[in-house]
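These protein sequence lines map, in sequence, to chains F and D.
With this note's numbering, letter number 34 in the first sequence gets 34, and the count goes up by one each step, no holes.
With this note's numbering, letter number 22 in the second sequence gets 1022, and the count goes up by one each step, no holes.
Since the hints were made in silico from the structure, they are not lab data.
Beta carbons are placed, not taken as given, at the ideal position from N, Cα and C, and that holds for glycine.
There's no promise every hint is true.
[Claimed, not checked] Cβ pair distances, simulated, as ranges:
1) Glu44/F x Ser1026/D: 43 to 49 Å
2) Asn50/F x Met1111/D: 34 to 40 Å
3) Asp56/F x Gly1106/D: 16 to 22 Å
4) Arg85/F x Thr1077/D: 23 to 29 Å
5) Gln17/F x Ala1054/D: 47 to 53 Å
6) His1082/D x Ser58/F: 48 to 54 Å
7) Ser87/F x Leu1020/D: 41 to 47 Å
8) Glu14/F x Ser1014/D: 32 to 38 Å
9) Ala1001/D x Glu18/F: 29 to 35 Å
10) Lys1068/D x Pro54/F: 43 to 49 Å
11) Arg85/F x Ala1054/D: 30 to 36 Å
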Amino acid sequence: DAGVIQSPRHEVTEMGQEVTLRCKPISGHDYLFWYRQTMMRGLELLIYFNNNVPIDDSGMPEDRFSAKMPNASFSTLKIQPSEPRDSAVYFCASSLWSGDRGVEQFFGPGTRLTVL
Amino acid sequence: AQSVTQLGSHVSVSEGALVLLRCNYSSSVPPYLFWYVQYPNQGLQLLLKYTTGATLVKGINGFEAEFKKSETSFHLTKPSAHMSDAAEYFCAVTTNNAGNMLTFGGGTRLMVKP
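Model the full assembly from the supplied sequences, consistent with the hints where possible.
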């Protein structure tokens, strides 16, 4: 299995531009998570989906952030317009519900976003 | 709601020395506990997890952790540090009423001196 795939790995953009981050979860997984990691705030859960449906988006910082999961194999996190404070590493993770709460989340390699 | 506290954002040990990374959790219901490791410029990967049963859990790379309910702790240990253990380590918790959502601690960066 290829694992969780994220693209791009690095993104540099200018303030005000739209940024789209992409994630392909592990095939067959039914949960997908978006996290943001910064030095100041650590690892934050932004939103998660179950069977393509957003379950909890309380971590999304503001309306400039949106996430979609149009099908089981693809999700996007969009920032419009982007701001310098959005600079961070964004991780996507996926997992498979099995009735065992000890289910592991599998993380992608992350997208390092720099907003100038 | 549950929470996780990792004592010490940075820990430094000498190669061959004991590694001890501390994790305390708060939960009103039985927790499921995890340790993840993040190497530079990589995503997180699972080291070990506690669900039920044996309270001493062994993971990859010689790490182990012990669930102590009375102390609400899940400390990570390794008898002898190796240079390749230098990384950031995250403790996380979930519960039966938390969906499939993990709550992570702030992370501990482990440095290993030669």
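Verification of the hints:
1. Glu44/F x Ser1026/D: 43 to 49 Å: Given about 18 Å between the Cβ atoms, the range is violated.
2. Asn50/F x Met1111/D: 34 to 40 Å: The hinted range 34 to 40 Å holds for asparagine 50/F and methionine 1111/D, with Cβ atoms some 38 Å apart.
3. Asp56/F x Gly1106/D: 16 to 22 Å: holds, 21 Å
4. Arg85/F x Thr1077/D: 23 to 29 Å: The hint (23 to 29 Å, Cβ to Cβ) is violated, given that arginine 85/F and threonine 1077/D are roughly 37 Å apart.
5. Gln17/F x Ala1054/D: 47 to 53 Å: 52 Å Cβ-Cβ, so the 47 to 53 Å window holds.
6. His1082/D x Ser58/F: 48 to 54 Å: violated, 40 Å
7. Ser87/F x Leu1020/D: 41 to 47 Å: violated, 33 Å
8. Glu14/F x Ser1014/D: 32 to 38 Å: violated, 45 Å
9. Ala1001/D x Glu18/F: 29 to 35 Å: Given about 34 Å between the Cβ atoms, the range holds.
10. Lys1068/D x Pro54/F: 43 to 49 Å: Violated - the Cβ-Cβ distance for lysine 1068/D and proline 54/F, about 36 Å, lies outside 43 to 49 Å.
11. Arg85/F x Ala1054/D: 30 to 36 Å: Hint violated: Cβ distance 44 Å, outside 30 to 36 Å.
Consistency note: the structure conflicts with the earlier hints numbered 1, 4, 6, 7, 8, 10 and 11.
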